[in-house]
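Can you build the whole structure from these sequences, using the hints too?
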Amino acid sequence: MVSTTTAGRGIALFATACLLSVALPANVALAQKVKNKGTAAEAAPLSSYELSIPEIETLDSNVDDETLRDIFSGQLVDNAEALAGLDAASITIPEIILDVTTEVDGETRDTTMTFNNFVMNDVVDGRAASVSLGGVAMDAGEEGSADFGELSATNFDIAGMLALYGLVESDGSTELKTIYSDFTFEGGTFEAPEMSCTMGAMEVGELKARPLGSSFADAYALLSSLEEDETPSPQVMGALVRLYADMFTAFETTPATFDGFDCSGEEDGKPMSFSIAGMSMGGMSPGVYPEVSMDGFVVDVEGEGSFTLGNVTIKQMDLSGPLAVLQDAPEVLDEAWFTENARALIPAFEGFSFSDFSMDIPDPEMEGNRIVASVGSFDLTLGSYLNGMPTDVATSAENIVFDLPADTEDEQLQQLIDLGITSIDTGFTFNAAWSEAEETIAIEELSITGADLATVVLSGTLANATEALFSADENEGLAATMALAIRNLTLDVHDEGLSDIILASVAADQGSDPATMRPVFAGLAEGSIISVLAGAAEAQKVGAAVSSFVSGKAKHLAIDMTAKDAAGIGLVDFMAAEQDPSVLVSKVVVDATAK
6 MVSTTTAGRG
16 IALFATACLL
26 SVALPANVAL
36 AQKVKNKGTA
46 AEAAPLSSYE
56 LSIPEIETLD
66 SNVDDETLRD
76 IFSGQLVDNA
86 EALAGLDAAS
96 ITIPEIILDV
106 TTEVDGETRD
116 TTMTFNNFVM
126 NDVVDGRAAS
136 VSLGGVAMDA
146 GEEGSADFGE
156 LSATNFDIAG
166 MLALYGLVES
176 DGSTELKTIY
186 SDFTFEGGTF
196 EAPEMSCTMG
206 AMEVGELKAR
216 PLGSSFADAY
226 ALLSSLEEDE
236 TPSPQVMGAL
246 VRLYADMFTA
256 FETTPATFDG
266 FDCSGEEDGK
276 PMSFSIAGMS
286 MGGMSPGVYP
296 EVSMDGFVVD
306 VEGEGSFTLG
316 NVTIKQMDLS
326 GPLAVLQDAP
336 EVLDEAWFTE
346 NARALIPAFE
356 GFSFSDFSMD
366 IPDPEMEGNR
376 IVASVGSFDL
386 TLGSYLNGMP
396 TDVATSAENI
406 VFDLPADTED
416 EQLQQLIDLG
426 ITSIDTGFTF
436 NAAWSEAEET
446 IAIEELSITG
456 ADLATVVLSG
466 TLANATEALF
476 SADENEGLAA
486 TMALAIRNLT
496 LDVHDEGLSD
506 IILASVAADQ
516 GSDPATMRPV
526 FAGLAEGSII
536 SVLAGAAEAQ
546 KVGAAVSSFV
556 SGKAKHLAID
566 MTAKDAAGIG
576 LVDFMAAEQD
586 PSVLVSKVVV
596 DATAK
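All letters in the sequence shown, in the order written, are residues 6 to 600 by this note's numbering.
Just to be clear, a hint being listed does not mean it is correct.
[Stated by the list, open to error] Mimicking DSS-like on lysine-lysine, the simulated pairs with C-alpha atoms at most 25 Å apart in a straight line are: (1) K600 with K546; (2) K546 with K592; (3) K600 with K558; (4) K569 with K546; (5) K546 with K558; (6) K592 with K560; (7) K560 with K600; (8) K546 with K560.
[To be verified] Computed Cβ-Cβ distance ranges for the label pairs, DEER-style: (9) I426 with M522: 16 to 22 Å; (10) E100 with K275: 36 to 42 Å; (11) S57 with S220: 28 to 34 Å; (12) A512 with D397: 42 to 48 Å; (13) N480 with G192: 52 to 58 Å; (14) D397 with L463: 15 to 21 Å; (15) S533 with S428: 30 to 36 Å; (16) A206 with D323: 27 to 33 Å; (17) I426 with G308: 25 to 31 Å; (18) S229 with P276: 41 to 47 Å; (19) D339 with P276: 49 to 55 Å; (20) E174 with D323: 30 to 36 Å; (21) D596 with L424: 19 to 25 Å.
Calculated directly from the structure, the hints in this document are not laboratory data. Glycine is no exception: its CB is placed at the ideal position from the N, C-alpha and C atoms.
Structural data, given as structure tokens:
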């Protein structure tokens, strides 16, 4: 049988594609491109297609072959009820041939897709015990070809899928029900004139869903009505928001895995390759977008450069807060509503991380130079959101390594090179958490580390950290920030070779040697500290500790500052200390140790 498109059958065809896409994700994407008003479509419009099903084999089916043929040829809407009540021992379609014609700038392109050996077994009241597709082949002539292996799933609820898209009446239940289980895809290959790829296998344990609040036809019509060069009206925006909120709470999945892909070809005439070793996605639940992790990402262009990434993980995102706001939103949404609710629409994003990153590329600003750098690991973790802002923040990076260009014009980099430093291996950490009960922010660690140079660590407590810090009102938040006060601070410095490098450079400029210069600088440092802390009981002890550190007798210096008043030292105190440091000294207890 041959079927040819008309505009009126677009929804039916797209619904069929969606049905196949959930059961067997290698689907035929046949939605008509909506044109801009008064302009040509920016992408290639689907002008026509022809679909043929030479043979259908059925066993004990309560739906006749002709109706089944119509369903798989695109007439799904008119036959949805029959499909939802399907009973059959088996249904086999040896071959489905789809010929697609597109037009690009007046040039016609033909593509043939062949779906092989589609089989459904033990279908009872619209639920198949198993469904499989033997493979999919695509031939686009000079544009390329593809060959994909078997796709299969078990416990496929055809009636549930039709109800999900509003093509048949649901039972009124809002409970998430299994649509399919044990989905597997064997992978395949893709060939194009300048690129070829091998795709790995994919697995998903289970998909659950509930019927959407809007029918598929209504949702499709709404999306098709959007004009790319116009801002949607407040009425359309309201409808889109409700559709968005509904869809993000309508699905649930178990974790999924993908074995990655490997591609090779040419980029501007140069051999290139890129690959991903594998990907995984956590289980999706209503209102929660799961963690996604990718391993072994590599891009290499011969003669140009390369990027590698051992792993990158996008952490979980909780949209339940924004979705609750959207579900309660009025029908008409204007710009003022979005401005008023901007903070409430921020999802609780838990952060991201990556490891084993490296790159070697030409320096775009200096011909002949290359940018060579690597990062051992990076992590950003965000939590305990309040009014769209995380109140717990932790971020760190290790082994940030990069070479310093020998002929740099940057003064700061040149100073490091003059000190004998040709590459940097550094890292940092920042951990801070807000306590609502104590109205404090604990700065657990703010540090920077340079391998074979030094490590500097700052920690402490900020007082008067009220909930107003996270207010959606910018003025209230700014006022709360200005009211913060320092209760205590601790500075730890570990010298791992930086002072030796600096003193060697200074001594050379002075025509002296580091051993002679160290006592001089130590004495100056001790005198300066005692002068600043004049009158404080701890002045001599702190000065002696700093002197010991500068002289090289100690490699670790710790300085503690604690406010005498539990309320802490505020911004006003620090402003006064700029004119008279003794004002600040009288309000704190300072201690220091060196070892």
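Evaluated hints:
At roughly 13 Å between alpha-carbon atoms, K600 and K546 fall within 25 Å of each other, so this suggested pair holds. Taking the CA atoms of K546 and K592, the gap is near 18 Å; set against the 25 Å cutoff, the hint holds. Under the criterion of a C-alpha separation no larger than 25 Å, the hint pairing K600 with K558 is consistent with the structure, at around 8 Å. Using a Cα cut-off of 25 Å, the hinted pair K569 and K546 holds, with the two alpha carbons roughly 19 Å apart.
For the given pair, K546 sits about 15 Å from K558 by alpha-carbon distance, which is consistent with the 25 Å threshold. The hinted pair formed by K592 and K560 fails the criterion: a straight-line CA distance of about 29 Å is larger than 25 Å. For the suggested pair K560 and K600, the alpha carbons sit about 6 Å apart, so the restraint of at most 25 Å is met. With a C-alpha separation of about 17 Å, the suggested pairing of K546 with K560 holds against the 25 Å cut-off.
The hinted range of 16 to 22 Å is satisfied by I426 and M522, whose Cβ atoms lie roughly 19 Å apart. Between E100 and K275 the CB atoms are about 41 Å apart, so this pair conforms to the stated range of 36 to 42 Å. The given range of 28 to 34 Å is respected by S57 and S220, whose C-beta atoms sit roughly 30 Å from each other. Between A512 and D397 the C-beta distance comes to about 46 Å, which sits within the given range of 42 to 48 Å.
Range check, N480 to G192: Cβ separation about 56 Å, and the 52 to 58 Å hint holds. At roughly 18 Å, the beta carbons of D397 and L463 sit within the given window of 15 to 21 Å. For the hinted restraint 30 to 36 Å between S533 and S428, the CB-CB distance of approximately 34 Å keeps it satisfied. Range check, A206 to D323: Cβ separation about 30 Å, and the 27 to 33 Å hint holds.
Between I426 and G308 the beta carbons are some 30 Å apart, a value that agrees with the proposed interval 25 to 31 Å. A hinted range of 41 to 47 Å holds for the C-beta pair S229 and P276, which are about 42 Å apart. For the hinted restraint 49 to 55 Å between D339 and P276, the CB-CB distance of approximately 53 Å keeps it satisfied. Range check, E174 to D323: Cβ separation about 33 Å, and the 30 to 36 Å hint holds.
At about 32 Å, the beta-carbon gap between D596 and L424 misses the expected band of 19 to 25 Å.
Checked against the numbered hints above, the structure violates hints 6, 21; every other hint is satisfied.
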